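**Student:** Protein chains in written order, with the numbering used here: chain R, 337 to 550; chain D, 513 to 740.
Calculated from the structure, these hints are not laboratory results.
Every value quoted in this text rests on a predicted model; they were computed, and no experiment measured them.
Ideal Cβ positions, reconstructed from N, Cα and C, are used throughout, including at glycine.
You may find that some hints are simply not true.
[Unchecked claim] If you only want the chain R side, here are some residues facing chain D, beta carbon under 10 Å, derived:
1) Asp386
2) Ile397
3) Gly448
4) Leu459
5) Leu475
6) Arg487
7) Gln527
[Claimed, not checked] Ranges between beta-carbon positions, derived for each pair:
8) Gln714(D) / Lys506(R): 46 to 56 Å
9) Tyr711(D) / Pro471(R): 43 to 53 Å
10) Arg428(R) / Arg583(D): 29 to 39 Å
11) Asp687(D) / Arg382(R): 47 to 57 Å
12) Phe432(R) / Tyr657(D): 27 to 37 Å
13) Val427(R) / Arg700(D): 49 to 59 Å
14) Ile404(R) / Asp630(D): 39 to 49 Å
15) Phe431(R) / Val658(D): 22 to 32 Å
16) Gly396(R) / Asp630(D): 20 to 30 Å
17) Gln683(D) / Leu379(R): 46 to 56 Å
[Unchecked claim] Quick list of in silico lysine to any residue cross-link-like pairs, SDA-like style, CA-CA up to 25 Å:
18) Lys603(D) / Thr400(R)
19) Lys542(R) / Ile706(D)
20) Lys453(R) / Arg700(D)
21) Lys534(R) / Gln651(D)
22) Lys453(R) / Ala693(D)
23) Lys534(R) / Val717(D)
24) Lys534(R) / Thr636(D)
25) Lys603(D) / Lys542(R)
26) Lys506(R) / Ile633(D)
27) Lys506(R) / Gln675(D)
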Amino acid sequence: MNAQQKQYGVQSDKSQRGGCLFHRYLWVGLAMLTLMVVIFVWLLMRMLTDHSMRLTTDEGINITPEQIQSIRDIGQWEFLAVSDEELVDTVRRGFFKNDRLSRIYYGTVRIGVDLTKVREGWLTVQGDTVVAVLPPVGLLDDRFIDEARTRSFHESGRWTASDREALYEKARRQMLRHALTPANLRSAESQADEQFRKLLQAMGFKIVEVRFEK
Amino acid sequence: MTIKMKNCSYTFCSFLLLCLLSAAGCGRSSKEDVKQIDTVPMLVMQIQQCSRLYTTEYRVHKIVTHDDVVRLRGRMFSADYDLPLPVGERKVAIPMTATLKAYIDFSGFSAEQVSRQDGRITVTLPDPRVVMTDSKIDQEGIREYVALMRSHFSDRELSSYEQQGREAILQSIPDLGIIEAARLSAARLLIPIIAQMGYDEQNIVITFRRDFKTDDIRKLLDQTTIER
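Chain R extracted, bound-state conformation (with noise of 0.2 Å):
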């Protein structure tokens, strides 16, 4: 009887620890399963996430040569710079509505003394004493706008070529107009005399005198 006992005991202890494996074994499948379905949906959702679009277009320019068109020997002494900028702006009135470009332009106004207008015997010596008489004081080139520098700071409409160089003489005309004033003119006679003497004194000459054309 005890041994009959004994062995349903053995048997039911062995059945205990088979059905506690197997629960151990299901948890242990059910946690690796769940892992797997979180790396998943982990994965799924980055995929669909990590994703852009966005419509481009190219900003930059195309490589393409610069050519030299001319050189020149000059010889452009300049004694005053007036940098300029100019906010400029032209409107046409419409039916419904007006259209306006403003623009703004830069550019520097140069006044010195041009050495190519000298006249024959311009700089005269006798012994420690030079005389230079230098041509009037005035625009060094006409050319002093930098456009490719111009900003545009309004459009509405459509412009065409002849209205945007209406605004570069527009702006040109109002730099000069800034510029070259009589104030400006006589700085640049003053600067020029100052430096002249300063350069034939650095020369060895003890007396400089300089005179401008009229």
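Go by the hints and put chain D onto chain R.
**Tutor:** Okay, now just chain D, sitting in the frame of chain R:
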């Protein structure tokens, strides 16, 4: 009572007079304060005294071109994609000319840079520098090709391409040989002047500090030319 009333009326009259005077005074002062303002929209003007001898002028021509294709760019399933869209192309060609000038800055010139010995004169000049003095867009020469489904180039876009073209010209300066030309031109200009001072042309030597490398030439670009 009457004295009190009189005092009150005096006080009132003097207050009224004070008000009138102050009002008149204010009116006059406001008239004086009004100054004529130049309404021309001049943004900034900078005046600089200098002493620069421009010796060489280069005129450089460039046609700036730009091709504008609409592209669909993005990222999907961890992979980048870049597809041109068949909505049409835009192209623009902008002809432009720039003037580059090389100059010798004489503002720091002194007797130390001149040496005389036995009828021979040697003048050491400062490094030549380069500046872009003007640039001109050939507005009539601009050519645009715009597909039906695309918008025209705006003024802002055109200005942006022109500025990039200007930068490209500035970048090309070291390859143009302008510094060497400026040195030769300075010598050609100054030797006759010094000869008029009584020196024999054979005895006049114009020297410069050193030879330049490409990187040095970039440093000699005038700072006013560089966009800030």
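**Student:** Check each numbered hint against the structure and report the violated ones by number, ascending.
**Tutor:** 5, 9, 16, 21, 25, 26
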